[in-house]
Structure formats: C-alpha cells, structure tokens
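Number of protein chains: 2
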Amino acid sequence: MKRIVLFGTGNVATHLFEAYKNSDNFKIIQVYNHASETLQAFKDQVAITTNLDEIAPADIYIFALKDDVLAELSKKTKETDALVLHTSGAVSKEVLNKFKNHGVFYPLQTFSKNKEVDFSNIPICIEANTKANTNSLKELGSEISEKIFEISSQQRKSLHVAAVFVSNFVNFLYTEGEKICQDNLIPFEILHPLILETASKVTKMSPLESQTGPAKRKDQDVINSHLELLNEEQQKIYSLLTLSIQNLHGKEL
Amino acid sequence: MKRIVLFGTGNVATHLFEAYKNSDNFKIIQVYNHASETLQAFKDQVAITTNLDEIAPADIYIFALKDDVLAELSKKTKETDALVLHTSGAVSKEVLNKFKNHGVFYPLQTFSKNKEVDFSNIPICIEANTKANTNSLKELGSEISEKIFEISSQQRKSLHVAAVFVSNFVNFLYTEGEKICQDNLIPFEILHPLILETASKVTKMSPLESQTGPAKRKDQDVINSHLELLNEEQQKIYSLLTLSIQNLHGKEL
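Sequence lines, in order, name chains A and B. full-length UniProt numbering numbers the first residue of the first sequence as 1 and each following residue consecutively. full-length UniProt numbering numbers the first residue of the second sequence as 1 and each following residue consecutively.
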C-alpha cells in the first residue's frame, strides 16, 4: 500500500481525499495546510499539520494547491525521493524540477466542495519526468478513474484554456440566464432541460454542427429585439458572441 | 380526436410531428410547406401540400415556421375558427390577431433534426387570447409534456434571450473549446465530462454559487498565460467574459 500526503484543503484536495478513502492500494496518511481553519474538516479522519517540518514520510506527495502557492511551497518542501505531484491545469511540471521524481496529476473537472462527483468518469491528465513515474501515475489514476490521458505540459495549458471556455465561461452565461429569468419573474428551472440537452448534444455531435439560434440564422430582427431587453454589459456580450457565431458560420450560408 | 395541420418542416415541426405520432387525442392530418423538397420526408406518413388553398379543415393549425415567415403566412392563411398557434420564442401572439382563436405554443428546447429528444421533459410555454384557448393549449401540451407553463409574450421574449445565452452562446463556447483541442491534438472527448457536470451542477445549485476558475479567483498570471495561447477573436471573448465574471463576483472577494 502506498502512502500519500495531501497538501491543500480546497475543492480538488477535498474531492481527492474522498476518492481515495476506500482504496486498498493508496492511503492518504496526512493532510497539510498553511492555515489551520480548513484543516478541521479532516482532523477526525486523518493526521493534519500546518508545519512543513512535520510532514510524514510517504511514497507520494500531492500538491493540490492554488497555482500561485505551488512554486513557493515547492521551494519550502524538503528534497525527497518520493513522487511529488501537482494537480494544476495551468502550471507546467517543471515547477517541481527540484524533486527527483515528479509529475502532474490533473483531474479535468469542476469541483465544488458541497457537490459530490463521481470520480470514475473524470478524465485525469498525467505527465511525469520518467517512464517509471508515468507508470506510477497511471496506477494512481486508475485507482479512482477509468479515463487516464497522457498529456504534455503544453497540451495541458491549452486544455485548461479550453476548459475555461466550456465550463467557467459557460457557467457565467448560465448566471446571465438566471438573472434574466429572475428579472422577469420566470423560474430558472424552465431552462434546466435546455441547458442539459445543449450539453448532452455535443457529446454526440460536434458543437459546430449543433449550433442553432438567431445569430447563426442571421435573424437581425430577433437580434435587435433581444438587444433592447438587455443591460449595457449584457449587450456587449450578446453582440460579441453573435458576431463571432456569424464569423464562424457565415461561410456556410 | 382533434385534427392538426402543421405548417413547416424544420427542426421544431419535425419533432412535433414525431411527438404526436402516437397520440390518441390529437392527429396531425396534413403538413404544409412552401417548398416541396423538405416535405418529402413526410409524404409516406401524412398528407402534404405546398398550396395554401389546399389546407385541410382542422381543429388546430400550428405554424412552426421561421420568425420572418410567420407574419407573411398569417396574412395569406384564410380566416378560420380553428385554434391557430405559432411556436416561436421571439414573436408575440399578436401576430396571429386576425384569427378569432389564437395563441403560442413554444417548446423551450434546442432541436436538431437528426437528434432524438424526449418531449416529456421539455417545458412548453403557452399563451392564448382566451381562457378557453389557454385550456385547449394545456390539453395539447399535456399530451406530450409534463411541464406546461403559462408565460406572457413579454416574459417569453425575455425567456428567449435567456435561452440564447444558456444554449446558443454556450454551444458557441463549446465550439471554441473543440477548436482549441483540435489545434493541440487533444481529443474533445476529454472535455465531455466537464461539460456535462457544469450543466448538471446548475440544476442543483445556482450558477452564481457554482462559478469557479481563474477569472473568479482573479488569478492574473493564469489569465495572462491563457491570453497568449489564443487568437485575436478568442482573446476578445476571453477578456470580456473574464471582466464580466470579475464585475459580478468582485464584491464577494
């Protein structure tokens, strides 16, 4: 059984902790965080510490930390032969260069602490500094997910941008939709089936093919009447995305 | 059993035709379209016509047409006591004012011809010129869906804008995500679970609450490194949506 020390108590750390709880092959033996408040949620289940000098010996160290904390903590952590990993989509593996065995273990999903996720379906993007470490990462990943992808640092950066488009920005558009509903006394629930179907559709056909709506149809009357209903910030977003859709699909018409 | 004549052969018309195929209470007896090509898909199943003078007597006429064709076809269609409906999200019911009994039957979903949908889960937004017609619309809707909402023309316009944000614009962001993947030799499938979870999440918690990502975290290093990877048009979209997320969530930090 391999021993893991987890650094961090945020969304990714919390969900990784849950995911490995029932594993027979990997055991999280300690959770570190620089501040003690968020560690309290773990203290009844595992050893906790706020002191880098008290880090337990282990086979794997996982830094599930904010990007800007990663480099700093990497510097402060003692050298070790253990496999040292970070979970960031945006940071290259070189930030861990000082460690003999290092790599990246990036679960591509949106995590919120109070929303359960099924890890088995989450793609885990791995990258390591040696073939042996890549294999170790495959074992670690396969324990909780069926979808392990070898992805280079450069690819992972692009993938992270793509994820911002299809998740963070998409969620923001949902927020705008909710706001428009609220302003007009319409329950946001009316939009749930549309939201789910729009997402489900692009797992079966290309989004390029499934584009619909007034922008693609170049239905300027509808576009104008929509703009009249929006505030200034919404108008900017509406206009830019409408133009982009028309640029993309213009040649087809 | 009530007889229906369906005007149009597009996505909405096609799916409505399928939805009422097995109904015992409503029967589509004829499909009209101005051009004959797209009618061919229906000809083995129902009477078809391209001639407005050949429209069959019926209890309900459904105009499932492009918005800009609606007013024109309404003018050309003979007066009738039948219930005359359109299915548009963006057009007010007044476009059908010349008909004694009229209303709106707007299924709020994204339709593609070659993608099956389960109508029972699709919200149908109804509005009619009399209480009796509203009741008829409820019957018509309940035959194929469990979710019938009375929505005024003004609300429906706003709902339609909201739908553009959470569906058309969202789909466009999926297209950008796919493009970024393709440009970097990453299979778009890696993003499917993220897309589905992002959608599913906002049916259980508010999108305001589920926002994550570098924009919300104000992680300027990541934002800058993302911008470097994008083309000019993508940069515009990225910058505007990042700014909007920060405007919305700025006060929380």
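Keep in mind that the hints were calculated from the coordinates and are not lab data. Be a bit skeptical, because a hint or two may be false.
[To be verified] Pairs of lysine to aspartate or glutamate residues, derived as EDC-like cross-links and limited to a Cα-Cα distance of at most 16 Å, are as follows:
1. Lys21(A) to Glu116(A)
2. Lys66(B) to Glu116(A)
3. Lys218(A) to Glu209(B)
[Claimed, not checked] Part of the chain A face toward chain B, derived, beta carbon under 7 Å:
4. Ala58
5. Gln109
6. Gln155
7. Phe172
8. Thr175
9. Glu178
10. Leu194
11. His226
Just so you know, even glycine gets a beta-carbon here, dropped at the ideal spot from N, CA and C.
Per the CB criterion, is phenylalanine 172(A) less than 7 Å away from chain B?
holds, 5 Å
Does the alpha-carbon distance linking lysine 218(A) and glutamate 209(B) stay inside the 16 Å limit?
violated, 34 Å
Can the hint on glutamine 155(A) be confirmed by a CB-to-CB distance to chain B that is less than 7 Å?
holds, 5 Å
Hey, does the alanine 58(A) contact hint survive, CB to chain B under 7 Å?
violated, 28 Å
Restraint check, 7 Å cut-off on beta carbons, for histidine 226(A) near chain B
holds, 5 Å
Please check whether glutamate 178(A) passes as an interface residue: C-beta within 7 Å of a C-beta belonging to chain B.
Cβ of glutamate 178(A) sits 6 Å from chain B, so the hint holds.
Just to be careful, I want the Cα atoms of lysine 21(A) and glutamate 116(A) compared with a cutoff of 16 Å; is the pair within it?
holds, 14 Å
Grab the minimum C-beta distance from glutamine 109(A) to chain B and call the hint holds if it beats 7 Å, violated otherwise.
holds, 6 Å
Interface hint compliance - leucine 194(A) to chain B, C-beta minimum distance less than 7 Å:
This interface hint holds because 5 Å falls under the 7 Å limit.
Using Cβ atoms only, decide whether threonine 175(A) comes closer than 7 Å to chain B, and label the hint accordingly.
With Cβ-Cβ at 4 Å, under 7 Å, it holds.
What's the verdict on lysine 66(B) and glutamate 116(A), does the C-alpha distance respect the 16 Å limit or exceed it?
violated, 42 Å
Of the numbered hints stated above, those contradicted by the structure are hints 2, 3, 4, listed in ascending order.
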